[in-house]
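Q: Take a look at the letters that make up each chain.
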Amino acid sequence: MITKCIRPSNLEEALEQLNQQGYDGKLIAGGTDLVIEIKHHPYEKSTLIDISRLKELRFIEIGETEICIGAGTRFSDIVNHPEMKGICAGLWEACSSVGSPQIRNAGTIGGNICNGSPAADSVPPLLALDAQVIIKDTTKTRTMPLKDFYIDKGKVAIEANELLYAIKFRKPKKDEYITFEKLGLRKALAIARLSCAVFISLGDGDKIEDIRIATGAMGAYPQREEALEKLLIGEVFDAPLIEMSTQEIFNIAKQRLGSRSSAVFKCEAIQGLFGKALRRAAKEAKSYDFHQFNS
Amino acid sequence: MISISLTVNKQVYQVEVEEDLRLIDFIRDKLMLTGTKEGCGEGECGACTIIMDGKTVNSCLVMAFQAHGSRITTIEGVAKDGALHPIQQAFLDVGAVQCGFCTPGMVLSAKALLDENEVPNRHQIREGISGNLCRCTGYNKIVDAIELASSYIKEGQQDETSSSGRQ
Ligand code: FES
Ligand code: FES
Numbered sequence: 000m001i002t003k004c005i006r007p008s009n010l011e012e013a014l015e016q017l018n019q020q021g022y023d024g025k026l027i028a029g030g031t032d033l034v035i036e037i038k039h040h041p042y043e044k045s046t047l048i049d050i051s052r053l054k055e056l057r058f059i060e061i062g063e064t065e066i067c068i069g070a071g072t073r074f075s076d077i078v079n080h081p082e083m084k085g086i087c088a089g090l091w092e093a094c095s096s097v098g099s100p101q102i103r104n105a106g107t108i109g110g111n112i113c114n115g116s117p118a119a120d121s122v123p124p125l126l127a128l129d130a131q132v133i134i135k136d137t138t139k140t141r142t143m144p145l146k147d148f149y150i151d152k153g154k155v156a157i158e159a160n161e162l163l164y165a166i167k168f169r170k171p172k173k174d175e176y177i178t179f180e181k182l183g184l185r186k187a188l189a190i191a192r193l194s195c196a197v198f199i200s201l202g203d204g205d206k207i208e209d210i211r212i213a214t215g216a217m218g219a220y221p222q223r224e225e226a227l228e229k230l231l232i233g234e235v236f237d238a239p240l241i242e243m244s245t246q247e248i249f250n251i252a253k254q255r256l257g258s259r260s261s262a263v264f265k266c267e268a269i270q271g272l273f274g275k276a277l278r279r280a281a282k283e284a285k286s287y288d289f290h291q292f293n294s
Numbered sequence: 000m001i002s003i004s005l006t007v008n009k010q011v012y013q014v015e016v017e018e019d020l021r022l023i024d025f026i027r028d029k030l031m032l033t034g035t036k037e038g039c040g041e042g043e044c045g046a047c048t049i050i051m052d053g054k055t056v057n058s059c060l061v062m063a064f065q066a067h068g069s070r071i072t073t074i075e076g077v078a079k080d081g082a083l084h085p086i087q088q089a090f091l092d093v094g095a096v097q098c099g100f101c102t103p104g105m106v107l108s109a110k111a112l113l114d115e116n117e118v119p120n121r122h123q124i125r126e127g128i129s130g131n132l133c134r135c136t137g138y139n140k141i142v143d144a145i146e147l148a149s150s151y152i153k154e155g156q157q158d159e160t161s162s163s164g165r166q
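Protein chains in written order, with numbering that gives the first Met the number 0: chain A, 0 to 294; chain B, 0 to 166.
Mixed in with the good hints, there may be bad ones.
What the hints assert, rightly or not - The calculated SDA-like cross-link candidates involving lysine to any residue, where the alpha carbons are at most 20 Å apart (straight line), are:
(1) A:K25 x B:I1
(2) A:K25 x A:K44
(3) B:K54 x A:L53
What the hints assert, rightly or not - Computed from the model, here is a short list of chain A residues facing chain B with C-beta under 10 Å:
(4) I5
(5) T31
(6) T46
(7) G98
(8) S99
(9) A105
Rather than coming from a laboratory, the hints here were simulated on the basis of the structure. These numbers were taken from a predicted model, which means no experiment stands behind them. Where a beta carbon is used, it is the ideal one built from N, C-alpha and C, also for glycine.
Just chain A, same shape as in the assembly (with noise of 0.2 Å):
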């Protein structure tokens, strides 16, 4: 039950009081997950902290190589930002499909990323970018990759005396794109939020220098599809390599969802998601005859 609440009025703040209240803290952020929960359930934590007026956390900043966007900064910041359509599409797009504009204004891409759920939409891409959290406490800051944060379903590795700062990744160059898939339903009608990201980066022939594959709700959190991407690293992006690692993925989904009532879905879905994502990601790296692909 919550029975006391804290506005910290800077991040230092912040870090001092998530560090006094122990286990009994929790950020909010946006709310619009951990409401419902405070609502709905019996709430273990006693005392909420507000971060979502801290303008430190709320930034975005494109640099000559790299991207740094603050865990404060709001779906809606990121779709509204004049150049992020055009670095990171697949960033852009995943933010641009969470929820409703309503939940984009108020919900944070930190958020996004520590409530460990499954079906995070911005998650994919940023791992896919291959993405580093930055995390604070009151005397230290560290980074990691994203792709190690996710532990189990809803748990990441973050202490309770930490918050997560920013992310960041490296900015796609030429020749490099990112795509972001995901099946095109109302959250309240999904059973299945299944969603995919692609980032390649393509070199003369055709060749793929480097691929990245994330999926969202296809396993207990979201996920790099590490497998798939060493089958396709070095090798001629053409017709058959798509049809390969359609099917690939298929397996990969079978094996990982084994008897769980929505694998037989998912695995056909996820085929088409990841397709899409693939081809739509190199026809964007590269100006590509497309069509042969385009079935």
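Using the hints provided, position chain B with the ligands relative to the given structure of chain A.
A: Just chain B with the ligands now, with coordinates in the frame of chain A:
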């Protein structure tokens, strides 16, 4: 209890609220502004939409204490000097209201949209109200009404320079 001060419909409030109170409960039960509706309580239906610091949010997903220092507009705050807001008038003129449960939220989503984009196309209108569900009217009339409201607002601006504006 925690004390908050905030502005709702241009009126400043300084009040004590329970720690676990949601903003929607504060608005409805403490301020008695019952125009804001609760449909799902989970961010799906948009019946609880309010405008907070210029942006629409679902008031069922905000804690009351988080609203400290904010400026809020609810449906009760959109009419001016006893005259309906052009959006409200347009909803009536088109017949975009049946049971009316979704209407406050629809009107506020429309207002936030028109505040940013005076002449949205139908696609943009649909996108603007995509977080609001209506179970009875159907969306075409609502989109029609928002289109009409956009023209009312433009006319009104022209009228203001000549006469006293729409009745
Ligand atoms: S009551 Fe808030 S979105 Fe439905
Ligand atoms: S008029 Fe009844 S829900 Fe929209």
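Q: Now, for every hint given, state plainly whether the structure supports it.
A: Hint-by-hint comparison with the structure:
This hinted pair checks out: K25 (chain A) and I1 (chain B) have alpha carbons roughly 17 Å apart, not beyond 20 Å. Under the criterion of a C-alpha separation no larger than 20 Å, the hint pairing K25 (chain A) with K44 (chain A) is consistent with the structure, at around 7 Å. A hinted pair counts as satisfied when its Cα atoms are at most 20 Å apart, and K54 (chain B) with L53 (chain A) qualifies at roughly 17 Å. Hint status for I5 (chain A) relative to chain B: holds, with the closest Cβ pair at about 9 Å, below 10 Å.
The interface hint given for T31 (chain A) is met, as the beta carbon of that residue sits about 5 Å from the closest beta carbon of chain B, less than 10 Å. With a cut of 10 Å, the hint placing T46 (chain A) at the interface with chain B holds, because the nearest CB-to-CB distance is about 9 Å. Among the interface hints, the one on G98 (chain A) holds; its C-beta lies about 7 Å from the nearest C-beta in chain B, closer than the 10 Å criterion. Taking 10 Å as the C-beta cut-off, the interface hint given for S99 (chain A) holds, the closest approach to chain B being about 3 Å.
Below 10 Å, beta-carbon pairs count as interface contacts, and A105 (chain A) has one with chain B at about 5 Å; its hint therefore holds.
When the structure is compared with the earlier hints, no violation turns up for any of them.
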